[in-house]
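A.B. asks: Listed here are the chains, written in short residue letters.
2 protein chains.
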Amino acid sequence: MTMKHNTIVFSIIVATGMLLIFGCHKSTCSKISVNENSIKAVILAKEYAVLTRWYNGDPMGFIENSWDDVTYFDPSLISRIDSINAFRKILEPIKGLIHIPSHKMDKTQVSIFGEIAILTFTDVFSAGNKTARWHATEIYLQRGNDWKLIHSHWTESKVQY
Amino acid sequence: MTMKHNTIVFSIIVATGMLLIFGCHKSTCSKISVNENSIKAVILAKEYAVLTRWYNGDPMGFIENSWDDVTYFDPSLISRIDSINAFRKILEPIKGLIHIPSHKMDKTQVSIFGEIAILTFTDVFSAGNKTARWHATEIYLQRGNDWKLIHSHWTESKVQY
Numbered sequence: 027m028t029m030k031h032n033t034i035v036f037s038i039i040v041a042t043g044m045l046l047i048f049g050c051h052k053s054t055c056s057k058i059s060v061n062e063n064s065i066k067a068v069i070l071a072k073e074y075a076v077l078t079r080w081y082n083g084d085p086m087g088f089i090e091n092s093w094d095d096v097t098y099f100d101p102s103l104i105s106r107i108d109s110i111n112a113f114r115k116i117l118e119p120i121k122g123l124i125h126i127p128s129h130k131m132d133k134t135q136v137s138i139f140g141e142i143a144i145l146t147f148t149d150v151f152s153a154g155n156k157t158a159r160w161h162a163t164e165i166y167l168q169r170g171n172d173w174k175l176i177h178s179h180w181t182e183s184k185v186q187y
Numbered sequence: 027m028t029m030k031h032n033t034i035v036f037s038i039i040v041a042t043g044m045l046l047i048f049g050c051h052k053s054t055c056s057k058i059s060v061n062e063n064s065i066k067a068v069i070l071a072k073e074y075a076v077l078t079r080w081y082n083g084d085p086m087g088f089i090e091n092s093w094d095d096v097t098y099f100d101p102s103l104i105s106r107i108d109s110i111n112a113f114r115k116i117l118e119p120i121k122g123l124i125h126i127p128s129h130k131m132d133k134t135q136v137s138i139f140g141e142i143a144i145l146t147f148t149d150v151f152s153a154g155n156k157t158a159r160w161h162a163t164e165i166y167l168q169r170g171n172d173w174k175l176i177h178s179h180w181t182e183s184k185v186q187y
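As they're listed, the protein sequences go chains P and W. Sequence positions in the first sequence follow my numbering and run 27 to 187. Sequence positions in the second sequence follow my numbering and run 27 to 187.
I should point out that these hints are in silico values taken from the structure, not numbers from a laboratory. There's no promise every hint is true.
The list treats identical chains as interchangeable, and a pair is accepted whether it falls inside one copy or across any two copies.
To be verified - Cross-link-like lysine to aspartate or glutamate pairs, in silico, EDC-like; alpha carbons within 20 Å at most:
{"#": "1", "residue 1": "Lys66", "residue 2": "Asp132"}
{"#": "2", "residue 1": "Lys66", "residue 2": "Glu141"}
{"#": "3", "residue 1": "Lys184", "residue 2": "Glu62"}
{"#": "4", "residue 1": "Lys184", "residue 2": "Asp172"}
{"#": "5", "residue 1": "Lys156", "residue 2": "Glu90"}
{"#": "6", "residue 1": "Lys184", "residue 2": "Asp100"}
{"#": "7", "residue 1": "Lys133", "residue 2": "Asp108"}
{"#": "8", "residue 1": "Lys66", "residue 2": "Asp108"}
{"#": "9", "residue 1": "Lys184", "residue 2": "Asp108"}
{"#": "10", "residue 1": "Lys184", "residue 2": "Asp94"}
{"#": "11", "residue 1": "Lys174", "residue 2": "Asp95"}
{"#": "12", "residue 1": "Lys72", "residue 2": "Asp132"}
{"#": "13", "residue 1": "Lys174", "residue 2": "Glu141"}
{"#": "14", "residue 1": "Lys115", "residue 2": "Asp132"}
{"#": "15", "residue 1": "Lys66", "residue 2": "Asp95"}
{"#": "16", "residue 1": "Lys174", "residue 2": "Asp100"}
{"#": "17", "residue 1": "Lys115", "residue 2": "Glu62"}
{"#": "18", "residue 1": "Lys133", "residue 2": "Asp95"}
{"#": "19", "residue 1": "Lys115", "residue 2": "Glu141"}
{"#": "20", "residue 1": "Lys184", "residue 2": "Asp95"}
Here the structure is a predicted model, which means the values were calculated and not measured.
Please work from the sequences and hints to get the whole structure.
C.D. replies: Put into structure tokens, the structure is as follows:
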């Protein structure tokens, strides 16, 4: 190959790289969009599976779905839980205690920003003669090919109806 | 310049770009670390300023510190607040109502993942003869040169001491 040829080939490689990094052709954009939708589907499926286990007395789905450096808040805590070991410690005592036949993830929203996906929703279920509503902020982080929780925050709604 | 010269200059530009995108020289890494620390400082200062206004009867600091598509949870809500207009609507009625002389942001942690910064802490203050503790997850998103809230979640701790 000549120097001119080398320069042209090199320019094409760089231009393609720049296109991938800074912009996208219509077909590339569609691929990104399809990819975003598949990430959203994966995250919703993961959360649903964890909650199904939770309502059947098995809280450990949350541990399997969390990174080692996960942090966690709920109204029963005096301050933030830092690390998966501390998270495991508060979940173990409730093994086998919760049995709720059905629940609904209401108003789910997943927003993706690079390696972070923010899932928010309100989980709704019947508890005795009232309807309980728990607001959830589940922040998933991608490491390698997997998405797991890096932070989780749950709040019970005080609104009764 | 000759074609050879052009190619060399072009290669240096591309190599520098690749270094910035995919890796870093020791001095570059230090700059990234310094930059991360300055982002953390900016976010903590923003949150502290908003809370200082909040405890002095001015909740509108939250509006100025939020993007238009902010979402929000607290225990008083039946479901998630979507958009700054809906957020403004729930904050306006409490203008002038809250007067707390001092508070403390306890156990602050800021984690940065690209354009997302996750600030978590427990805000502690005296309310009558008890100590109130509110857990906060404040997710900041960078757009242009500014960082503002894209999602906010607050929970009152039930632990009394």
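A.B. asks: Work down the list of hints and note, for each, if the structure agrees.
C.D. replies: Do the hints match the structure? See the list:
{"no.": "1", "hint": "Lys66 to Asp132", "result": "within (15 Å within a copy, 33 Å between copies)"}
{"no.": "2", "hint": "Lys66 to Glu141", "result": "both (12 Å within a copy, 19 Å between copies)"}
{"no.": "3", "hint": "Lys184 to Glu62", "result": "neither (34 Å within a copy, 38 Å between copies)"}
{"no.": "4", "hint": "Lys184 to Asp172", "result": "neither (35 Å within a copy, 34 Å between copies)"}
{"no.": "5", "hint": "Lys156 to Glu90", "result": "neither (31 Å within a copy, 37 Å between copies)"}
{"no.": "6", "hint": "Lys184 to Asp100", "result": "both (14 Å within a copy, 9 Å between copies)"}
{"no.": "7", "hint": "Lys133 to Asp108", "result": "between (28 Å within a copy, 10 Å between copies)"}
{"no.": "8", "hint": "Lys66 to Asp108", "result": "between (26 Å within a copy, 19 Å between copies)"}
{"no.": "9", "hint": "Lys184 to Asp108", "result": "between (26 Å within a copy, 19 Å between copies)"}
{"no.": "10", "hint": "Lys184 to Asp94", "result": "neither (32 Å within a copy, 26 Å between copies)"}
{"no.": "11", "hint": "Lys174 to Asp95", "result": "within (11 Å within a copy, 25 Å between copies)"}
{"no.": "12", "hint": "Lys72 to Asp132", "result": "within (16 Å within a copy, 32 Å between copies)"}
{"no.": "13", "hint": "Lys174 to Glu141", "result": "both (11 Å within a copy, 19 Å between copies)"}
{"no.": "14", "hint": "Lys115 to Asp132", "result": "neither (29 Å within a copy, 22 Å between copies)"}
{"no.": "15", "hint": "Lys66 to Asp95", "result": "between (22 Å within a copy, 19 Å between copies)"}
{"no.": "16", "hint": "Lys174 to Asp100", "result": "within (18 Å within a copy, 24 Å between copies)"}
{"no.": "17", "hint": "Lys115 to Glu62", "result": "neither (34 Å within a copy, 32 Å between copies)"}
{"no.": "18", "hint": "Lys133 to Asp95", "result": "between (28 Å within a copy, 15 Å between copies)"}
{"no.": "19", "hint": "Lys115 to Glu141", "result": "neither (28 Å within a copy, 32 Å between copies)"}
{"no.": "20", "hint": "Lys184 to Asp95", "result": "neither (30 Å within a copy, 25 Å between copies)"}
Of the numbered hints listed earlier, those contradicted by the structure are 3, 4, 5, 10, 14, 17, 19 and 20.
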